[in-house]
Structure formats: C-alpha cells, structure tokens
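Use these hints to put chain B onto chain A, whose structure you have.
There are 2 protein chains.
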Amino acid sequence: MTALPPRHRLFVPASLAEGGEVELSPAQAHYLRDVLRLAPGAAVALFNGRDGEWTARLGALGKGRARAQIGARLRPQAPAADLWLVFAPIKGHRLDNIVEKATELGVSVLQPVMTRRTVVSRVNLDRLRANAQEAAEQSERLDLPEIREPVRLERLLADWPAGRCLVHCDERGQAPAMGVALAGLPAATQGAILTGPEGGFAPEEQASIGSLSQVIAVTLGPRVLRADTAAIAAITLWQATIGDWRG
Amino acid sequence: MTALPPRHRLFVPASLAEGGEVELSPAQAHYLRDVLRLAPGAAVALFNGRDGEWTARLGALGKGRARAQIGARLRPQAPAADLWLVFAPIKGHRLDNIVEKATELGVSVLQPVMTRRTVVSRVNLDRLRANAQEAAEQSERLDLPEIREPVRLERLLADWPAGRCLVHCDERGQAPAMGVALAGLPAATQGAILTGPEGGFAPEEQASIGSLSQVIAVTLGPRVLRADTAAIAAITLWQATIGDWRG
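Chains as they are written, first to last, in our numbering: chain A, 59 to 305; chain B, 59 to 305.
It is worth saying that the hints were derived from the structure and are not from the lab. Glycine is no exception: its CB is placed at the ideal position from the N, C-alpha and C atoms.
Derived, one-sided and incomplete: chain B residues facing chain A with beta-carbon distance under 7 Å:
1. K159
2. V282
3. A291
Covered stretches of chain A, as calculated for chain B (at least 3 residues, CB under 8 Å):
4. 191–200
5. 280–288
Okay, chain A solo, but in the shape it has when bound:
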C-alpha cells in the first residue's frame, strides 16, 4: 500500500533533487507556520516546473523563514499544455477569477492585452503571479503559467506567431459555435484564446483581428457572457476538443 502524497503543495524556484534542501519564501513560511500550524518534520510536496514533484520534510520554522529537506520524487515532470490566454484586463475579482481558473484549466501563458475599451490602466503582475501560483499549488499542476507583460492589441496582432491559431470569442458575430469550429483542428495545434474587455472590442479592432489569417472566430452560445465567463468557457472547450482533457 502506497502512502498518500502530502496534502500541501508548494512551488519553489530552486532545483529539486533527493537529499537537497530548499529555502521557502517568507510567505510560504508564514502560511505553513501561522495558518496551517505545521511543525518541523511535517511532510509537504514541492514542484518547480522542471524537475517533477517531490516529497519534503519541513526543517526549523521561524518567523518568515522555513527550510525543507527533499525526499523521494512523487511524479516526473510531464509535458505541459501549449495554450495561451490573451485577455483584456478587467476590474477587481473578475480578473482574479480569470487567472485562477485559467491556471487550474491548464493554460501555459497568460498575456494581458490593452484595447481601446480597456478601462484598467495598470495591471498588477505580482498579484497575477501570486494568484497563479496558489492555483497551481492547489490544482496539482507541475508548473506555473508564464505571465507576460501587457501589450497593446495592434502590437500583439503585428507580432502574432505564424503557426499559432488565435481563437477569437466574438459575442455579436455570426461565427460558428466554438465546439464546431475546433473540431477539424489537428490535436497538436498550438493555440490561443482571445477575450475582450467588458465593453467588447471596438469595430476597428474587430476588423484588425478578423484580417489576421491565424484567427478562428467562434461564438459561445446564445447569451452574452461576462469577460471572465467567456475566458473560462473557451479554455474548457479548447482543452476538451484538442487539449489535454481528451482522456
């Protein structure tokens, strides 16, 4: 009978190998000691996005300081999904929702895009990274999504990679249903989902997006979805159709 893996998973930037020791972040030390009230010797699991997942034992737990001794490897690093989410930042908890859910659902790159109707002028990337890390730890991912600097829509479209299709969730258009539109794509297709701000893309932005040959315009049902709902639904359909949910 195999022991259950440790319940608490932590991302660490350091390399992981049996017998090694890693320093945890002050936030992790605080969480383990003051929130979870774990004692030295407690088991945790560690991952870093490169070396798989490892058991570890906590050493001394000080105020804002903790170290862990690395034990056996639980899982090898698996190849990660290759799906980007390109999203116009929105306000408040709906932005947190996008980052958390995209991470759980397996997105590899989160790319904020600034559009004509984007009302958020500054994106707190540290907050996005903290949300993504928490979601990765909780969802048993073995890596973190990469969170990129915001870019203007014109620049994003001008620099768009030739081999990556861009799924444009087009609320008001006459595009085919997303499930239908994706059904013909080969399984190894590199993809990205594009979602707009709460007010949608401006007409000239719609035209620029529509003129890019890598774009696949799709609709997500007969109702009007909020920006975070559209992002979550589109990622789900990608993963189920050509991503890592095909089972």
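Okay, now just chain B, sitting in the frame of chain A:
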C-alpha cells in the same frame, strides 16, 4: 435602420403587454435613479420569463419607487435550456461564482445538495436569487433559473427522475473525459450536472451515486479543479455538446 435595444434590462414578475404599466422593485428603483442616474423617459428593457422582452419608458422615479410604461416587444419568449446544476454549497465568493456563471451559461434549475463533507450549514437562497437575477439581466437571458430548496444527497438520489441523466464530475476516478462521454447522447436528453463540496464526496456517497442508473461518471481533465471551476466547465461542455450552444 433599427434602433439599438435599451442597454439596461430588468426582470419583473408582472405580466408584460404593450401599453401596460409595471411597478419596479425598490432595489431596481434605487439602481436606476441613484446608480445609473436615469431620468423619467429613459428606455429600459423588461422580461419576466413568460412574455418575451419588451421596451419600456421610465415614469416618475422616487426614492425606492419607479414605474415603467411598456412599449413594443423586442423578442418573443424562446424555449429555455433544460439543464439542472446540482451543487454542494461552498463558502463565500465561490458560491456566488457558481450561481452567476451557471445563470449566464443557461442552466434552468439550481439545486443545492447537502453532503457529508459540506461545511456550509445554511444556504442564503435570497442571495442566490439576487445573484441569478443580476446575471440573467446582464446576460440577455429571457428567464431566471429556478432556485430550489437544499436537499440531502440521499433524498436527491432516491427521488431522481427516471428520464434525466445525472453527469457526475468524478475528480479522482477513472471515468471517461466528459466530452467523450456525452458525445453519444441524443440532443434532446434532459440533463443535470452534479458537483461535490471542496473536499469531494465521501466514499459511501460515491458508491450511492455510482449505483444510480441515470448517472454518467465523467472526468474534467488531469488537474484537480475547485468546485466552482468544475461546475462552470461541466456546464460549458454540456451546452456545447448537447445543449443550446451547438449553433
């Protein structure tokens, strides 16, 4: 050229017909007057879940009181989707997230279910109803989802309708991927999605669920999803596969 429909949509319980007049709720009156700062004569759209969607003009706007004069019909009532969400209530904003997203995505019935590991002892149905109404108004739905009284899992399973399949999102099982499992169902299938509490169903609950002949067990990808994420993803896949998103 047709005029754009009014931007603000309101649910009212009253019957709607051209030339009629309806009293809006105190909360709606407050929102129209003090938040949106609309004046008498402003256009809104009204729906009640039975008579379609109608234009209306605001009459006098008092403190917590407003009336509207009904104009022309914008859309006839369309047949609604027939998909239930049966969900173990969870804490805080994630419960709001389930209700809001399920409403946007077109669920017809929201059924809270109490399970062994459900830590929420009381569900605030008024709060759920208010969230659902706001999401319906915003998403251009023509009806509200029905929000049922919480029921214990044993009772729910004992009374489960013979002709309605129950899709069980089984995190840790070896069930087929949801997209694959649903692919063979006829389009008119009556369905429901079942999602558990944050700690999952207890083993004896898993067994009871598995023994019901209407149950289809499915998995939602290789990661561990939070309860709200699983609900949103499963509704999306149902709607795209056999619901009203097939375009």
